[in-house]
Structures are given as C-alpha cells and as structure tokens.
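Q: Each chain is listed here by its residues.
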Amino acid sequence: MSTHGFDLDALNRRPWTPAQDADVALSVERLNLSYSGKPALRDIDLSIPRRRVTAFIGPSGCGKSSLLRCFNRMNDLVDGCAVTGRVMLEDTNIYLPTVDVSQLRRRVGMVFQKPNPFPMSVYENVAYGLRIQGINRRRHLDEIVEKSLRSAALWDEVKDRLEDNALGLSGGQQQRLVIARTIAVEPEMVLLDEPASSLDPISTLKIEELIYELKSKYTIVIVTHNMQQAARVSDMTAFMNLGRLVEYDSTDRLFTNPRQRQTEDYITGRYG
Amino acid sequence: MAEQDSHRQHISGQFNQELETATAHMLEMGGLVEKQVLAALSALLELDSGEAQAVMELDKAINAREVEIDDECFRILARRQPAAGDLRLVLAISKVLNDLERIGDESSRIARQAIALSEQAEDVPARPWTQKIAAVVTDMLRSALDAFARRDARAALAVARGDEEIDAQMAGAMTALAATMRDKPEHVEACITAMWALRSFERIGDHARNIAEYVIYMVEGVDVRHIELDAVLDLLPPLSRE
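Protein sequences appear in the order of chains A and B. Following the working numbering, the numbering of the first sequence begins with 1 at its first residue and continues without gaps. Following the working numbering, the numbering of the second sequence begins with 1001 at its first residue and continues without gaps.
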C-alpha cells in the first residue's frame, strides 16, 4: 500500500495533467486526534502532492473533515480537541506553539460546505483578506479583485454588480465568490470541505471545472461525499474509515483496482 | 487487490441484479456460441451441408444477442457509474461479447467451407489435424467461459497457454496439406478449403485467448494483452500464482 510517495506514472498517464513535479506540499506524520478523549484520527501518515488535487473520501464520521481541518488548524477552535503527531508545511510543523495561526490560515485557505460570503458587497468580500493585511490602495485592490474573480470563473457574471450585496448571488455564485476570496490572498493550498454538496448539478460542474483550473497554481485538498466527484476532479484519493487511512493511491488506481477490500466495498456500494 | 466475492451484495439490490443478469446473459450467449462451434465442426467432419446451413442461421441470433447484452452494459455504465471490480466486470462482459460474436462469424465461415467441401471432396483433407485443432480450440473456449463464471484468473491463464498448442498443430496441418497438394493435384481445391476452415479454428482460439485475458483483467485488474505469458505470472498477485 502506497501511503508515502506518489504513483507518478499513473499521474502522468492522465493526458490533461500538466507536466509539473508532484513534490510534497504538506506531509502528515503519525497524526492522532481526539475530541474530549474520543479518538477521531489514528496514526495518519500521508503526503499531499503540490499543485495536484487530492480527495478524501469515506463514510460519515470517518475523520476526513477532521483531517482536512488539521491542515490549517481549524480544529483548534473545537473544545476538547487534542492533536499529536506532526503536520509539516514546507519545513515547519504547523502544530508548533510558535506558529502564527492567522498567518498559517492565509497560506492554507479553506472553503466550507455552505457558501459563507460576508454580508457586504461582492467587491469587499474579495478585498476583505487584503484589507486585513493592510492593503488599501484602490488600484491595487481593483487589480487583485478582478484577477481573483476571473480565476474563480465568476468575473463575467458579476463584473457589472461588484457593489451589490454578495448575499444576492445564487448559491453556486456565492461558493465561487468564497473561492475568489480565498485565493485573493494567494494561499499555497486551498482546502475544500464538501464545496459542492449544497449546489445544483450545473453549479457543481462549474466548481469542479474551477478546481481543475486552480490546480495549476494551488495545491488542492477536497473532502467529498460524492465519490464520482472525487473520481472526476482528483489526482490522488485517500479512503478513510473509522479514523484510519485505509488506502491512499492515484485516483486512477483507486477507482479501477483498489488494493484493499474495504475500499472496494465502499466505492462499489457494498455492505461494509 | 481486493478479494472477489460474488456473494457480497450491493446496498442497491437492483444494481446487484443488473450485474448478475448481464453476466448470466453473456454466459448464455457463450453457451450458444460453443454449440455453434461444435455444430460447425460436425458439419465439416460429416460434410453435412444441412447442418452447415443451420450454423449460419444461428449466427443471426448470436449477433442479436450481442447487441442486446451490450445495451445492458451501456445502461449499467450510464445509470450506475460502476467502480473498481464492478467497472471491470461490465467492461469485461462488453469486450467478451465482441469476441463471442466474432467466434460466431468464424463458425459461419467454417460452415461455408463445409458446404464447399461437401461438393469438392470425398473426405476432409488433413482430417486428424482438423480434429486435434478443433478439440484444443473448443476446450479453450469452454474453459475461458468457465473461468469467467468462476472468476478464476489462474484457470484463465492456462487457457491462454492453449494458443501455443494450436500454433504447433497448425504448422503440422499445413505441412500435411502441402504434401497432399503435391501428391494429389486434383485435391488442391479441397485442401485450400480445408485450410480456410483450419484458419477459422485458429482464430477462434485467438478469441478464446482474448476472453481469458479479459477474465484476468476482471479478476486481478491487470491488463495482460500483448504481454508474453511467462511475464504475466509476475504481474499477478501472489495468491493467483502457481
């Protein structure tokens, strides 16, 4: 079972994969997580390739969202949450007490299941993170807002209503706006927690198309309940069950010939 | 490699049923094709133009079955988006259908040669060779379909090896037919007809080998097409090895 390293041959066989080195963006070592003493993640070891899409799949409660939230320490906000092990971003263990968590979250952005635009204009939503960083020059902001909205495939739909309240956008547009807001601060990594599960099929496909576009610049990790979605968008897939990483392999391999019986049963819809 | 177990049920009983039905239909068609090959052989050896005619008639039914079962596979792909072992099963069925249909075509060709021979010759030239080759080929076809039904990759690998036996027999048959043509020029036409029939049996062997290769793919997820058989063993997980 290949928990470490990547099946580069399989990755490179995908005709649309840009020729880039799939080096490691983030690695997890012997990670254990518990909520009020109840274990939720057990001995997780895995590496996330840079500028690829990695998907986490598994039944509800398997720990996939908990694992994702470890990558920018979102779990810190949960009472009783205890983490041991290491999460290495570049050469830094992000769980060291010296790490600046807001700086970490700028480097590792996150998009949630339910679109959560701020109750302000489309423009100000995207500019928000920049303003927090003290960037207020209008021309500079204009540039980044347009670039981010274009990257999020939303520009053409909102360019004439930048001053409208973001809450007036459709669900799919709101989710793309949140993605634009996330990438405006130029993170290294974007974490997507069920980003399309509250969207209709067309909006879902737009988000998936966007994920494909974004991976040329960002490392993407997506948690999804929709196995076909994982199969469509990701280069690598991790299957988790009961807090453990059962199998981690190239998506091609995992969906055509998984090595573990548990994975096979889950992705083919059999009783576990 | 995930262990295969056909008793393990889908959460969707309907999906389970669809996979089982498509498999059963393909194996039924396989049985029909086996019968057709045996009937073509009998028509050839007995120089029975009536039986040959029946073989050619049966081909239409086989072609129709191919289209129907392929349609079942398309529907499963479109509606269920099968993954892993299920995906390989549906793809394998669809590919095996293609080979079965072409075995049907070859049987019809043999039947046509049987009719020609019944008008040209008193006996089938190189009869013992024809019998030997046909025996190997029909055994390969039956074993390949059995291996599919039992999801047995090792049995399938043994089937693929039958191809080597056919090659050896074909060389012997060609030498014998050439000798007959030299000695009895009046039998040249019948010998050429017999050669065509042998060539069809050889091709049926090739299709049986293809079916066996799809069984290995279905069971083990390893594509063994265009790979030397000795190298195939290295590709299979240890459990499937001798």
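The hints are simulated quantities; they were obtained by calculation from the structure and are not laboratory data. Don't take every hint at face value.
If you want the footprint, here are the derived chain A segments under chain B, 3+ residues with CB under 8 Å [stated by the list, open to error]:
1. 216-224
2. 257-265
Below, a sample of chain A positions facing chain B; criterion: calculated Cβ distance under 8 Å [said to hold, decoys possible]:
3. Thr-268
4. Gly-269
5. Arg-270
Beta carbons: idealized from backbone N, C-alpha and C, even for Gly.
Q: List, from low to high, the hint numbers that the structure doesn't satisfy.
A: 1
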